[in-house]
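Protein chains in written order, with my numbering: chain A, 1 to 621; chain B, 622 to 1245.
The set of hints was computed from the structure by calculation and includes no laboratory data.
Where a beta carbon is used, it is the ideal one built from N, C-alpha and C, also for glycine.
Heads up, some of the hints might be wrong.
Have a look at the derived ranges for each label pair, beta carbon to beta carbon [what the hints assert, rightly or not]: (1) B:H1111 / A:D590: 12 to 20 Å; (2) B:A1058 / A:G134: 38 to 46 Å; (3) B:D681 / A:A50: 54 to 62 Å; (4) A:A257 / B:E1172: 25 to 33 Å; (5) A:L61 / B:W645: 52 to 60 Å; (6) B:D681 / A:F207: 25 to 33 Å; (7) A:D590 / B:E1103: 51 to 59 Å; (8) A:G442 / B:D1145: 35 to 43 Å; (9) A:R46 / B:Y812: 34 to 42 Å; (10) A:A50 / B:Y812: 47 to 55 Å; (11) B:H1111 / A:D505: 47 to 55 Å; (12) A:H261 / B:D1145: 21 to 29 Å; (13) B:A1058 / A:R558: 34 to 42 Å.
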Amino acid sequence: MTTTAPDRTSAEEERTAPAAGGAKDGDPFDEDVLPAPKGASRALLRSLLAPARGRVRLAALVMLLQQAAVQAGPLLVAFAIDRAVPAARRDDYGPLIAVGTAYLVSALAAGLLQYAFVRLSARIGQNVLLDLRGRIFRHAQSLSVDFHERYTSGRLISRATTDVESIRELINDGLQELIGVCLAVVYISATLLYLDWGIGAVAVLSFVPLQLLMRSYRRRAHEVYRERSTAIASVIVKFTETMNGIRPVQAFRRERANEAHFSELNDRHRHANTRALLEMARYVFLSRLVANVVLAAVVLWGAYRVAGDGLELGVLAAGVLYLRRLYDPLDQLAMFLNSYQSAAASLEKIAGLLAQRPGVPEPAEPRALPERRAGLPGREVVFEGVRFAYRTGGEVLPRFDLTLGAGQTVAVVGSTGAGKSTLAKLLARFYDPTEGRVLLDGVPLDALAVPELRRGVVMVTQEAFLFSGTVAENIAIGRPGATREEIEQAAKAIGAHDFITALPDGYDTDVRKRGGRISAGQRQLVAFARALLADPAVLILDEATSSLDIPGEQAVQRAMATVLHGRTAVVIAHRLSTVEIADRVLVMADGRVVEDGSPAELTGGTGRFADLHRAWRDSLA
Amino acid sequence: MTDTAEHSSPSEKRSAVRSLLRLWPYVRPARNRMAAGAAVTIVASCAGLVIPLALKWIVDGPVAGKDPSGVWLGGALVLVLGLLEASLFALRRFILARPLARVEADMRADLYGHLQRLPVSFHDRWPSGQLLSRATTDLMLLRIFLAFPLTFLLVNGVTILVGFIVLLIQQWTLGLVLLAPVVPLVILCTYFEERYSRAARTAQDQSGDLATVVEESVLGIRIIKGFGRHRGQEKVFAALSGRLRGTELRKAHLLGMLWAVIMSLPELAIGAALVLGVLQVADGELSAGTLVAFLSTALALRWPVESFGFLIAIANESATAADRYFEVMDAPVPADPASGKASAKASGKASGKTSGKARAAKEHGGLRLEGVGFRYPDAPADAPPVLHGVDLHIRPGETMALVGTTGSGKTTLTALIPRLHEATSGRITLDGEDIAAMPRERLRALVSVAFEDPTLFSASVGENVLMGADAGREADLTRALEVAQAGFVHSLPEGTGTQVGEQGLSLSGGQRQRLALARAVVGDPRFLILDDPLSALDVHTEALVEAALREVLAGTTALVVAHRPSTVLLADRVALLSKGRITAVGTHHELLRTSREYASLMAGDEDRSAAADRTHAGHEGGRR
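Bound conformation, chain B alone:
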């Protein structure tokens, strides 16, 4: 019951402690060392606390008794305690350095791994600046929190507790005076803490937004420059960073209040204890040594008490950082069906060696879409689905061109086959096997894709191309580069070993597109999906690529998104996608005759080209 109540209002009921407790799985491997570190620190702090007691012993004993050898002993005791304290503090740091750096690294690696497996729709929603700030600043903050504040929250708490016990034992009346401010302190701290943590969260989100603006302005630099809009961009940035500054100042206001309370209240209590103590010493109820020791202890406790001010602040910021981290980690990775045994069975089936299987493959073979529909998970409820009732069968070895107006859903359709997006209805089968029942790993090994946007990674040309194949060899690389007419790589400074991508040589759009194509065709994939693969190539290169591509396409089942007649001609048949459904399937010439929409897509305005004339004639003759 209470559970549901909590779940219904998680944002209001969020507690810093609960958020921080979620870090436990990462801290677990370091738990022994953390515990040892905390224990060592407690002992060290207590050693520090005992120093005033040694002082008391010296003052009331040897000094009062004028006993020089006792003084020596006392001095030695202080020295030993001091050495102990120093060594133990250092020991804590030596113990914790390695495991804490590991906690941060582990959390980052997990975040990275998780993000890589989250569906594309997640990435569409989240600006990468927000993800980046989680992987960097938030995790650094958490590491710092685990290194210092967490230990010191415990250690200082224990130190204060022990200190108070020592104080109460020494003189309980004075001790009680010092305890007086505890209740108001706790109340005030809670008050500020709540407000501070909300401001901290706002600040973190705002700096994430700021990171997004920075990123966009860097990635879109050519547009900004091309339109001379850097002033506008600067204004946006200035507004956002100004807002962040406002939040930070509000944080400072709250923190300052917290500090003021934490500094003043205990000090007032010490002042009261001092006055009372002096009266007691004057009355002879208390020895001077005890008062000195008592006040030394009380003053020694000042730093632990004051430290709670920033410890609470950091703990809160860390809690929000943990929240932000787990927000992403909690996004579910879609379940992967059959892995292990089932996948072995499935792959056995897919390889279809037996005659029965072969027969099945003939009937259901190739790539088949049945009643496939898709709407984006975050689309408004009233928006029409992007795809609905799509039926399409590409026979084994056949190449199908997919044609449709800009925005008709072609790219979305291609994304469903390697399951970058999940079809929301209907089913897609490869050689009769439902892709929803296949492990993604194997599905994506079967299906190779060349994207509209040819992204290369920071790696060598060879690595970029061979990532399309499981065990690609030099010969595969050479052949794939030939097919894609990417011979230019041999004149790069280090040939196929040249680094490209973000951290390497920048290539032109056409060059990148050819490499992306090579990556798709390397290792003779069973199923091939090409999204407008030749858009950035010049006519001459395009012709060469087409010729080479024909050979590859002859041996695979392929879906090719096409805008141009030349690309369409690579295909055996053409499917026309219109308003989210397949409205016509046939050969290029059939469709030119029978579909006005297709004809206009392929030839544009009727009076503009020779092809259009032919189409026009086709219209007259072919209309039923």
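Only chain A is shown next, with the shape it has when bound in the complex:
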């Protein structure tokens, strides 16, 4: 799992010191539930179901008919006892034949309609899930890097997996139960009222206490389920972290300590789980109790009336059968409430996530970049009155202006925390500046649609994450639809071709499968090949050569001198070897550019860069 290590970039050097200080209390990110406007989960549910409105209606109709068929049984029994028996005694088999036929029809109809309903509701449910999964995924993709750094991958993963799963459970089994139960209740109540006013009235009245019970259960269970879903999310975070960092876990013998911590989280989830189950038990007990007391009362009262000839025996029999049936699905209803509660908790979290506005929104009316000037593949970059501070208040880059000429190779150096990465991220539009704007050939970055922006600016970071798939596919991320030839050319240009062809299946080696092990340096080369293939006007390299050996680094530099010649390049590197190919060097300290000039000028001078350069020279053997 080397390749999935949650590697953060050299990013966030700046966030460490003052920025995070004030964010400790009341940061919504410490909680699992992000704030969402009131009623957001309900609105989400509504919008998910909206396209299925027609199908929902059809499903309801099917269920209506199905329940009619199912609930006909006791009515037919009553009819058989009160009418068909006396008729048969008179050798009139008409009513009996009618009952038999009706039973046959209702039995077949119940089955067929059930099938139709299951398919319909599955289609509705699956469409909703498809929609919901897609929304979460697309939304997560549209949120800024800054958000991802704060929300943590584990939480995001649990939103898109377990939370969706609990909604799936609700939709899969719950929908049918709910509709079925509601319809059954209506049907049965109506039939009871039709059969006998008194018994019907008792049945209807019994819903008052049952409804109260349900409300109290919902209220009590809501908190428990919320807690349970928070608990499982932290289990997931711990789990993912361990599996992704399995090497250090084993090397530092973290197994026991991890187990202790994991069992703590696991136990929290277990307790929440137990509490949820107990709440459920309480509800089932009380509702059953009410149901059976009502049943006994009806039997007693009915029997009295039958004894006094105030009621036909068949009606009492049907009444009791129906009452049993009325309360039978109480368990099912409890199961539904169960999945409803956990789905509601999940929905709340998902709504919270979806309510996050992308920090770096796509423009409503995108503009196009002007035609490149003949012979110049690079573009001019202008930082115009740019200032950048974190939302929490820490200022990282005080207001500055900077112009990088088209085709210039600019090296940015400076110590950790000087703001180099932030500068790069503003240029790549991972962040938007707090004030001012960044222009690419005169067009503000935030007016460019994503495809246009990425034809303009591409950033390669030191984090060399590989996606599952083949090596070729990983390179092709730079330009989807690139031919194999183009992919190989890019790999050759960067010096990655040799090691790739040495893999078991060459370019078609699956990086997650047999023999697809790729070292950190090789991954960086793949990342470079990606960038070459993307062929951007502006290329940003943020510590992108840190794991390369010297020949590898030189291959990259050669590629920049040839393949990328004429492009605007911003290179952040600790190794000053990169600086030698730069036209211009920016030295940063405390968020400001403190030195700016050609390498020769700066090396010859007496500033920080001259010092750095001497130190670097000395470090070479």
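Place chain B on chain A using the hints.
Just chain B now, with coordinates in the frame of chain A:
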């Protein structure tokens, strides 16, 4: 004989029951409560079944005889039965809540523990999304299965059985009519069940794949954003989730068929019984009360019979969930040799206090690799091994740099020493002791590693650093942070108590690398392995770290993977790894003179730097 036949085709011969039986060890602690719960539920269900009988008694007795006090008695009987039923159902839930939550938690803890001990090669093969979906969704499903469907499979089975006995006793002819659909029901259910369980497995695997895509897209967000590829990623996701939807719809189709059969067939039988019953009552062979009671019982059995539809479905899904769970649990954890007595002996030996031992340590001391070879267990048979015939001796107290081209196997070699991967041939000894004979725990206590990829865990800075030492103290922490030039931690919001990692403050690559280095050097490890430890540091910091690191290295036996001359200079000697073997060992300057490959690795193209010039000159002079 039969055994081997079964083993040869496990996927075809898999049975849901066998998969579920494997849950027994986890269910065992809860077995008494589960049994009690089942018993209680059976009694409760039977109480429910007796209610129609009470009704019959009222109708045929007091009602027919116009006896109001009898009616009271009957009513009271129904009430008592009702209360009994409610209390027993609730009792079952109260009994089971705690143990079932525990079963789920236990299984998850076991899975987690097992995964932590599985070799790294296992984790290389398994996407963590697949592991995660086993630890969450699959286990939740199993808990739900144990809570409801399992009990109800039994309870409803018994209820149906008892119900039929009651029916047969009441009127055996009618009872037989109701039994008629049993055979076709069983056949049809088996048919759908098989297909359904296959679809269920497909769906579970597909949702695991979906989880992997989600995870990758979150972890690789910067690349996706950097290349503006979120649309492509969305397409992949949409395709996968569309496929999952297709499988789910197929499941629904099968489930719908199952439901239809289960609902229609018994109902048809009841209809037939109703017609026959009416005829019998008309002929006077049967009392009206008996028919009412008979039909009440039959209708009361409807829910248990119908429930088999989804019970079978859940049981199947649970069986596949159990399969998926045990797939991982069955992956063998490599045996750990000597633990207990043997390890005590071994550690006594390793501490080498006696003079004889000391002599042995001098000859065999340090870190020695003899004929070490390695190929990944899952590598294709025709692929060359990653390492072969590696001989290397690092003397006690010596620091050896390991240099080689990208992908030459340096990182793999370092992984063999703490046995993250097992060498496939040859042997590795620490102070003369074969690491294959050491308990991993002790081996890893002796060997400390700083990885190329500096992963920090969700814990405080201090905890992250001190996890490198067994009983690290504040002083060790301070010293380790000094060595790694990680003074920046003191300006973090809560100093060394600041939470970092996945759930804490995110640090830069350079900061994480320094903490990883501190973690490796804390508590003066006997053997130290550093994999390109300074790659993310700026020149200034690097120089400071090097100076401090020299002191630490003086006291330990170390292997340092290096890409840069500056890092190489930390070492006493250098080993050149080329195409899976050590091709040269010597000091930096010796190798610069004698090895063209080394020279080009250290200086790159000949005309590019001053160092290269020196190397060039060396070539002319030093060539034999």
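Each hint tested on the structure:
The hinted range of 12 to 20 Å is satisfied by H1111 (chain B) and D590 (chain A), whose Cβ atoms lie roughly 18 Å apart. A C-beta distance of roughly 54 Å is found between A1058 (chain B) and G134 (chain A), which places it outside the suggested range of 38 to 46 Å. Take D681 (chain B) and A50 (chain A): their Cβ atoms lie about 57 Å apart, and the range 54 to 62 Å holds. For A257 (chain A) and E1172 (chain B), the Cβ-Cβ distance of about 29 Å falls inside the hinted range of 25 to 33 Å, so the restraint holds.
About 46 Å separates the C-beta atoms of L61 (chain A) and W645 (chain B), a value inconsistent with the hinted range of 52 to 60 Å. The given range of 25 to 33 Å is respected by D681 (chain B) and F207 (chain A), whose C-beta atoms sit roughly 32 Å from each other. Under the hint 51 to 59 Å, the C-beta atoms of D590 (chain A) and E1103 (chain B), about 24 Å apart, miss the expected range. The beta-carbon spacing between G442 (chain A) and D1145 (chain B), approximately 60 Å, falls outside the hinted interval of 35 to 43 Å.
About 40 Å separates the C-beta atoms of R46 (chain A) and Y812 (chain B), a value consistent with the hinted range of 34 to 42 Å. The given range of 47 to 55 Å is broken by A50 (chain A) and Y812 (chain B), whose C-beta atoms sit roughly 38 Å from each other. Between H1111 (chain B) and D505 (chain A) the beta carbon distance is about 50 Å. The supplied range of 47 to 55 Å therefore holds. The given range of 21 to 29 Å is respected by H261 (chain A) and D1145 (chain B), whose C-beta atoms sit roughly 27 Å from each other.
Between A1058 (chain B) and R558 (chain A) the CB atoms are about 49 Å apart, so this pair departs from the stated range of 34 to 42 Å.
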